[in-house]
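2 protein chains.
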Amino acid sequence: MGCNCAYIAQKLEETGIEIARHSCIGSDPAAAVNILTEMGQRSDIAVVAGGLGPNDGNHTAVAAARAAGVDLILDPQAVASAENFVKARNRTLTDSIKKQAMLPTGSQCLNNPVGTTPGFHIKLGQCDFFFLPGALFEMRQMLTEQVIPRIMKLLGPAVGVRQVNTLCTFGLAESATSYYLDEFDQLFPRVKLSFRTKFPEIHLKLYARGDDEREMRAQMEAATRWIHRKLGDKVISDTGESTEKVVGDLLRQKKANLALAESCTGGLIADLLTNVPGSSDYFVFSAVTYSNELKMKILDVNARTLNRYGAVSEQTAKEMAQGVQRVSSATYGLSVSGIAGPGGATADKPVGTVCIGVADAKSVHGYRFNFNFPNRWMNKHIFATTALDLLRRELLGIRR
Amino acid sequence: MGCNCAYIAQKLEETGIEIARHSCIGSDPAAAVNILTEMGQRSDIAVVAGGLGPNDGNHTAVAAARAAGVDLILDPQAVASAENFVKARNRTLTDSIKKQAMLPTGSQCLNNPVGTTPGFHIKLGQCDFFFLPGALFEMRQMLTEQVIPRIMKLLGPAVGVRQVNTLCTFGLAESATSYYLDEFDQLFPRVKLSFRTKFPEIHLKLYARGDDEREMRAQMEAATRWIHRKLGDKVISDTGESTEKVVGDLLRQKKANLALAESCTGGLIADLLTNVPGSSDYFVFSAVTYSNELKMKILDVNARTLNRYGAVSEQTAKEMAQGVQRVSSATYGLSVSGIAGPGGATADKPVGTVCIGVADAKSVHGYRFNFNFPNRWMNKHIFATTALDLLRRELLGIRR
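From first to last, the protein sequence lines stand for chains A and B.
For reference, each letter of the first sequence is one residue, going 1 to 400 in my numbering.
For reference, each letter of the second sequence is one residue, going 1 to 400 in my numbering.
Next up, chain A with everything else stripped away, as it sits in the complex (with noise of 0.2 Å):
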């Protein structure tokens, strides 16, 4: 039942290619068939995900050969593919795994490099079907991999020439933003704006389409540029590059590196920065102080300063970040304390506040918020990026 339409829609856009409709199909296996005939009268091409892998029964390949009127075969190149991978990993090829191998006569074998479950390409009518398995690593990666360089060689030239730019924001409401870039379409009929929300950030794509390659790239250069002067700072990158990378990278250029001091966050903020491969340039420790006890221990904070302001303030914040740089010796020190929910508001902290510190050798900044978010998650996230941020600004000298 996955349905992974938004990301392989996202995926064939970027190449240039424009989705005209979607249609998942539920477990009916003779509705299956008559989708499949459909969509071959209707479409020229059409890229299916899941209903293959070893729990999927093989539904999907078992449909795609009645509606072509074909039986299954067990296809040597699928069969060869698996035994690789299973063999690699010192295991061995059981039934199921065979099972998969089953293709409909006069298909394709798509070959699956980081899993068992083959696809495979066959055509149903007029249409050029790719069928993929459901799991969605195997199927990013295959329809990079497979499915992509085979439609493009399928259009040709009609495809044209075209180009997407990502520009990666946070800071505004997705209404706000949109209210600032209202003139957009009017300004630039040619480049297609649309907005994708990665919470907390936002992310505009610009798509543009042409047969004129400087043409399109001057319009897309203006557009860009003009979305920079009404959005300002907000504006994190030009390339759809998240907040963490863009602060790593800026840490990289000074050769600065980084140390953090967490409470609420809970270590996402390190999760975050450590999921950009190469982050062991700059990052060198979180402290996930959860107790004020570890505030004191780790960090060195002062209890007078956590019995008269409490552990959600920005004088424990300040010296939640001193503490952390001191401890590791790292350039900068980053600490958030603050309230995520459900549990832990007071009449003056309500959730949703959190206290920021950023600190160097020589200084520290404190900062606080209100943010009014209705969960946890988004208010974890809201705090790790909105300190990311004020590190991003403490960075480049944008002072708020």
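Hints may contain errors.
Same chains, same label: a pair holds when it works inside one copy or across any pair of copies.
Claimed, not checked - The list that follows gives simulated cross-link-like pairs (lysine-lysine, BS3-like), each with its CA atoms no further than 27 Å apart:
| hint | residue 1 | residue 2 |
| --- | --- | --- |
| 1 | Lys-254 | Lys-297 |
| 2 | Lys-255 | Lys-362 |
| 3 | Lys-98 | Lys-192 |
| 4 | Lys-362 | Lys-245 |
| 5 | Lys-11 | Lys-198 |
| 6 | Lys-234 | Lys-98 |
| 7 | Lys-230 | Lys-205 |
| 8 | Lys-198 | Lys-245 |
| 9 | Lys-297 | Lys-362 |
| 10 | Lys-99 | Lys-205 |
In case anyone wonders, no lab produced these hints; they're calculated from the structure.
Got chain A; can you put chain B on it based on the hints?
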């Protein structure tokens, strides 16, 4: 273009409603009207998500109005709901927010408690349509609060009695899990079993429907017991609860608490644990120590151990676990040191190698694994859940 159909289908199935088919609608307005009209002839109930919201320009409302042959009018309930939302946030009603309150004449507004975009309910042809905004959190909350109760009312007793149960498992590949449960359909013909991978966990969904509640419940219990016999200690929970939630509950039951020493998982274990509300009851500290210096300074790892065995070794992992237990005075110390890739591999320690330590005040155990996943994200997640599972086994007295 965002597609939420997997989520919607799952939620509806949990309430006993089976999905015949999903369609997703592209950006072409005329095509959208056609698809809605077609759906109105073919289905009884439809849920449409997306194409409503500040940046979607009300496309779906326009298409629905055209399919119904009516105009859009300003809906007073929709205006009031948006007004409440923005007032609570000290913001004002903008034109773009008001535009979203334009709903097809004759439709019924569906309140949005977490945003400014209302949904609406309208009959097109024979079909009851529920339109929702595409923004994930808004859509999810409205589906549960506004749509499902209305659908249950429309369906009345036709839904019958149903029961859904989810088992969370960890430690077997999907193909192996499927192999062990091969006879399920034969043994329990009235219970439907499906697999949902929440990497690295595999969730087994049991779904039963019938007229006799007692008999159905007995079937469900028998099926659950049978899966336990087949998968043994690979079953983490009978309730769909994640490994981190189960570990947290075990710690709370034992009045124990936990400190972490993370290296390659980069704060992910702390993040997973602290995503669970109430985790401050048992989670006290995580030291994310990327550098050897900080492993020595904060965790008191011996320089000789690091020199002789390296950072990625059972010996270092054991000292990290003991060190973090001591420094935090927690009941348990859990440590992870490994190579998540793409860099960092050596001849005898390939990407995917991970060492884990589990310590209490008296004893410590070290473990070493080699995983073979294709990327950093997957490695971090399999390392994190493996560590949590080892602690779970320790807490339950299960020996490997």
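Hint-by-hint comparison with the structure:
Taking CA atoms no more than 27 Å apart as the test, Lys-254 paired with Lys-297 passes between copies only; the shortest distance there is 25 Å, against 31 Å inside one copy. Proximity of Lys-255 to Lys-362 under the C-alpha cut-off of 27 Å is restricted to the intra-copy arrangement: shortest distance 17 Å within a copy versus 42 Å between copies. Proximity of Lys-98 to Lys-192 under the C-alpha cut-off of 27 Å is restricted to the inter-copy arrangement: shortest distance 24 Å between copies versus 46 Å within a copy. Taking the shortest alpha-carbon separations for Lys-362 and Lys-245, only the intra-copy value of 26 Å comes in at or below 27 Å, while the best inter-copy value is 41 Å.
In the homo-oligomer, the alpha carbons of Lys-11 and Lys-198 lie at most 27 Å apart both inside one protomer (16 Å) and across protomers (22 Å), since each shortest distance falls under that limit. In this assembly of identical chains, the alpha carbons of Lys-234 and Lys-98 lie at most 27 Å apart only when taken from different copies (25 Å versus 52 Å within one copy). For the homomeric pair Lys-230 and Lys-205, the shortest alpha-carbon distance inside one copy (16 Å) is at most 27 Å, but the shortest distance between copies (49 Å) is not. In this assembly of identical chains, the alpha carbons of Lys-198 and Lys-245 lie at most 27 Å apart whether taken from the same copy (14 Å) or from different copies (25 Å).
Taking the shortest alpha-carbon separations for Lys-297 and Lys-362, both the intra-copy value of 22 Å and the inter-copy value of 22 Å come in at or below 27 Å. Proximity of Lys-99 to Lys-205 under the C-alpha cut-off of 27 Å is restricted to the inter-copy arrangement: shortest distance 23 Å between copies versus 42 Å within a copy.
Violation of the numbered hints given earlier is absent; every hint is satisfied by the structure.
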